[in-house]
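Place chains G, Y and D on chain H using the hints.
These are the residues of each chain, in order.
Protein chains: 4
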Amino acid sequence: MNEIKIIIAGPRGRMGSEAVQLVTATAHFKLAAVLDHKNDGMMLSDVAGFQSISNVPIYTDIEKCLQEVEADVLIDLTTPEVGMYHAKTALEYNVRPVVGTTGFTKENLAELEDICREKELGCIIAPNFAIGAVLMMKFSQLAAKYFHDIEIIEMHHDQKLDAPSGTAVKTAEMISAVRETKKQGHANEKETLKGARGAEYDGMHIHSVRLPGLIAHQQVLFGSDGQTLTIRHDSYNRASFMSGVKVAVETVMKHNNFVYGLENILD
Amino acid sequence: MNEIKIIIAGPRGRMGSEAVQLVTATAHFKLAAVLDHKNDGMMLSDVAGFQSISNVPIYTDIEKCLQEVEADVLIDLTTPEVGMYHAKTALEYNVRPVVGTTGFTKENLAELEDICREKELGCIIAPNFAIGAVLMMKFSQLAAKYFHDIEIIEMHHDQKLDAPSGTAVKTAEMISAVRETKKQGHANEKETLKGARGAEYDGMHIHSVRLPGLIAHQQVLFGSDGQTLTIRHDSYNRASFMSGVKVAVETVMKHNNFVYGLENILD
Amino acid sequence: MNEIKIIIAGPRGRMGSEAVQLVTATAHFKLAAVLDHKNDGMMLSDVAGFQSISNVPIYTDIEKCLQEVEADVLIDLTTPEVGMYHAKTALEYNVRPVVGTTGFTKENLAELEDICREKELGCIIAPNFAIGAVLMMKFSQLAAKYFHDIEIIEMHHDQKLDAPSGTAVKTAEMISAVRETKKQGHANEKETLKGARGAEYDGMHIHSVRLPGLIAHQQVLFGSDGQTLTIRHDSYNRASFMSGVKVAVETVMKHNNFVYGLENILD
Amino acid sequence: MNEIKIIIAGPRGRMGSEAVQLVTATAHFKLAAVLDHKNDGMMLSDVAGFQSISNVPIYTDIEKCLQEVEADVLIDLTTPEVGMYHAKTALEYNVRPVVGTTGFTKENLAELEDICREKELGCIIAPNFAIGAVLMMKFSQLAAKYFHDIEIIEMHHDQKLDAPSGTAVKTAEMISAVRETKKQGHANEKETLKGARGAEYDGMHIHSVRLPGLIAHQQVLFGSDGQTLTIRHDSYNRASFMSGVKVAVETVMKHNNFVYGLENILD
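These protein sequence lines are chains H, G, Y and D, in that order. So for the first sequence, our numbering puts the first residue at 1; every next one is plus one. So for the second sequence, our numbering puts the first residue at 268; every next one is plus one. So for the third sequence, our numbering puts the first residue at 535; every next one is plus one. So for the fourth sequence, our numbering puts the first residue at 802; every next one is plus one.
Same shape as in the complex, but just chain H:
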């Protein structure tokens, strides 16, 4: 495989530091530079936690970085605002963006899609880089065509504030897009304790378990006469995101179009 030269924006963040590890540990990847909002002009090896990584300059100005450093791909793991600016600037310099963010607006996405079409460049925006979670959602959507009764159980540590989780709602949305609405359970079903049947989304039921010890887990259950099908994802730590970043970097070099969502490059 040809070497892919990569710039990482946000190298000191939780995701960013994992990405630095990924890129430096992958034989055909080369870390060309990093973008950070401080430490301009220093080398990455001067920063605590990165001492062993040599020859990687730090830039605070993306334009200067792109003028001075030869690169193929920009991995951006910052914020939606910065990410949008970074992605547009990278495309101007013919560098392909791989951006992990949940916060882009429809207008943002449309604007990037236009630039990609015009410049015939690849760009991947992904709210979730955990391949296992993305496959779970994709398979759930496929299975919903044949199994019309579906319940989702998501399980997280008890410090999580929101229920259900974003992934559970996204899964239900994706299923809902292909399944006819169906009121599930017995027509005369009755809750003797309120809430027992969980939340309802387009007829599906979603249950949120919260316990100390748990990390991030979800199962999607499908039932029909005499059988059940279960698709389960367990995420134990942030390393789980990196295989998705790797696939995205490799894919963005092969395709000259705009893609939103990792599920659209997994086939």
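Simulated from the structure, these hints should not be mistaken for laboratory data.
With a straight-line cut-off of 25 angstroms between C-alpha atoms, the simulated DMTMM-like cross-links for lysine to aspartate or glutamate are:
#, chain 1, residue 1, chain 2, residue 2
1, D, K907, D, E919
2, D, K995, Y, E725
3, Y, K780, H, D225
4, Y, K622, Y, D595
5, D, K1055, D, E871
6, Y, K564, Y, E537
7, D, K946, G, D534
8, D, K946, G, E517
9, H, K160, G, E456
10, Y, K694, D, E990
11, H, K254, H, E70
12, H, K30, Y, D759
13, D, K983, Y, E725
14, D, K1047, G, D492
15, Y, K598, Y, E615
16, Y, K598, Y, E652
17, D, K984, D, E1001
18, G, K457, H, E191
Which chain G residues face chain H? A few, computed with CB under 7 angstroms, are given here:
#, residue
19, Q426
20, T459
21, L478
Every residue, glycine too, gets a C-beta built ideally from N, C-alpha and C.
Using the frame of chain H, we list chains G, Y and D on its own:
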């Protein structure tokens, strides 16, 4: 082992017919007679479905049955009203009752306990004969001493009317009897879809899944720092009750006291 | 939907009797006749277990049946030898075969494919009609592209003779067709009890659990850094096959080609 | 509760550093001193990683430590050799040992038991402090009395060398101590791929799954007619051991005898 002579009340019911199978298939059990509300004076082999079972007379009158037939144990799988009358009459004739019913009142239980004490006879009343389910509840109660955060997921076919299931509520009650009330989850937890966190019972959360294909399943989840413990029972058919009936019959012959609940004879 | 007229071969078998139920219970299906090796000339309602099904003649000779009865689809749930003869004869009479059998040879399949091409008729041969199991295998094949470490745990009742199950081997074969061979586990892994790591198939490990109470269950586990993905199928009874037969009948009417394996019509 | 004064031996080890956290975070525990093979005479706050912990002196000589520091309990998380010496010395000074080690010989255990009897002091030696794992083993032993068919599936990360895991073997041993040997599965069972049925221990089957992403998980499956019971423990990180250490410290103060194995203090 000594042969145990058994009368079964309700032989044509769903549980009763399984019990007939159990008794006739167990080497040290002997089916002495059956009690049915019809077919008085016939033989069980005259009834459809029981042709192969020889020498078992049918009675409609329990007094007549107990006068004519020598028996050690009465297995009653009828209704609470009939079961109470049967149990009392059996004890009068020094026959030990094993009764499967959920409907006895506190007064019923107290009355039977008194008779057992007076006559020094064993008697077992069990709302649930599935040993696996009873062990699940018993273990859950034990585990609750060390794991204070607990959620219950029960899963049944979608023709079930009530949620949560009786077993889930019984499990929560048993845990609640030994655990200090605890409000679980994050203090600022928020349901963005109503019901997501399930039903609450004394701080525990209970989730009821209903899908075609499922039969009767329950898991009890315990979480603490860095670990989870899960106890799960899957019931696939009524045969699951028979091992409990067998243990009850063997136990009722050994002990001369009244017992309510299979959990109190499993040690 | 247009009514589909159906002939069922093997109506008294375990699968066949489920198929009779399916066809008579489906609004747009009509049971036109059955093929049986006995009871020629009788009506299906004359046979024990089918009293309620009216107006369905029984034939022992398929040619006579196809000459006298107007039909769109033949569902064959007999044996490979009979199934092959039935399928060929049905195609001659422009009736589309849906055949459930594991025993066809490559020559059989090639011959049927030729006839279908020539006559421009649909025909579906499926060794497994359980949609959930087929989706599990299909999803496993898709996931193997991104998760290269895979183990299969199949669990069956303890009266099963062979280990691993046919479905487990089929799953491993399908994965193997798309995954590079990989020796899994630690290079210096050591079994202190022989067999602990299970069977090996092209580097994957397969584990066969046998316990009374279990029916037919399989999970395929995929692991990578920080995450696992699990796809599980539970089959509780033969009703699980019927949704697959239904999909096959509907599909065989729409497509004018030969298909082997339910996985090729689920998309 | 009365304050319990604690000395920790091995504070810089993986388990030891968790124990320092536990003791300093528990209201009724007080860290009186630590034993380390270096840094004698320094304060713990001088050591990297412990800066925030004040007033805890470091000793390399246990005798000197016990002479100068008032303590109730010694938590030892070192090696079997050092642990044995530490435990004996602590008892001489009327300090109760809580030792986490798998390596004590029968002679070691007998010697400590004698000292405890003579001095009427509590002492707890535990090879495994994960309460969830210990409860799983204890419940498995209880369930084996009613379910005679048992299989164990243990699942770990793919860098583990030995299969099966120590916990799986310990579980099988504990079950074996109360269960009659039973050859499980069909009498004519046949492995078409060698190893499929896993390892055998006294008739039970043990299966070892190894995948990247997994941490440390075990399930014990029990089957009988129409039902299965499953007990599962998931350990995600070393914090899981600390609740067991806490229970052991509290218990060792209450009882004046020798105990081997956490299972004997959980009731």
